[in-house]
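This note's numbering applies: residue 3 is where the sequence shown begins, and numbers increase by one.
Using C-beta positions, here's what the derived DEER-type ranges look like:
1) Gln104 / Ile197: 26 to 36 Å
2) Gln232 / Val199: 12 to 22 Å
3) Arg41 / Gln195: 40 to 50 Å
No lab work stands behind these hints: they were computed from the structure.
Note that beta-carbon positions come from the ideal geometry of N, C-alpha and C, so glycine has one too.
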Amino acid sequence: MKYAVNFIASNAHSTGARALILLFFVTLTGCSLTRPTARPAVYDFGPGGLSSAPAPQAGHVGASALAPLVLEEVKASSALDGSAVLYRLAYTNAQQLRPYAQARWSMPPAQLVRQRLREQLGQDRALLEPGAVVSAAKLATPDGLASVTPINLGVELEEFSQLFETPGSSVGLLRLRATLTQASPSGAGLLAQRIIVVQRPAPSADAVGGVQALKLATDAAAQELAQWLQQLGR
3 MKYAVNFIAS NAHSTGARAL ILLFFVTLTG CSLTRPTARP AVYDFGPGGL SSAPAPQAGH
63 VGASALAPLV LEEVKASSAL DGSAVLYRLA YTNAQQLRPY AQARWSMPPA QLVRQRLREQ
123 LGQDRALLEP GAVVSAAKLA TPDGLASVTP INLGVELEEF SQLFETPGSS VGLLRLRATL
183 TQASPSGAGL LAQRIIVVQR PAPSADAVGG VQALKLATDA AAQELAQWLQ QLGR
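Start from the sequences, fold in the hints, and give me the full structure.
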């Protein structure tokens, strides 16, 4: 009788221990399943201009004297189609594009670049969307001269990455190809083409530094593009 009581007590103790162990692992598994994963940080180029551009003064040769510009959608390679913030390690393998795991652009780089181009180029001239139909009267110059035929600017984004020259030193590297055309009765005629390459140092060797450097590189490229159009008299 005493042996039976001891057996039952021992069996109950063993069963209770197994239940406690099972409960512990179930709780541990539940915690691991419900633990929130870190979300990638999302970046853009900031708010842009914070004040309106001044209106051109009377007699001043400004935006109204330049032909309206149709800014086409910026094209990019398939590697730049996504929203990943990309970098290269020049000291290891410069041919490999690598994405930051915890950093994303708010939209594909081509769209971010086009926003900055619109902001910069729109300071000097009227900008039109692709496919826009505008009457000749609206495109007439202020002096009542002959109407102006819009020019088309196509941009291809060829490189947009943070390039590490050493583990602690990097630059934001942007390369784009700009093509200027103008419609004619015989079709679109090529006016000029240029490749723009800009590098800006990153303030830190991480995604935050790369984003800042690429923003500065984009601003510089937009300014260089605007100056090029002015030099062409366009």
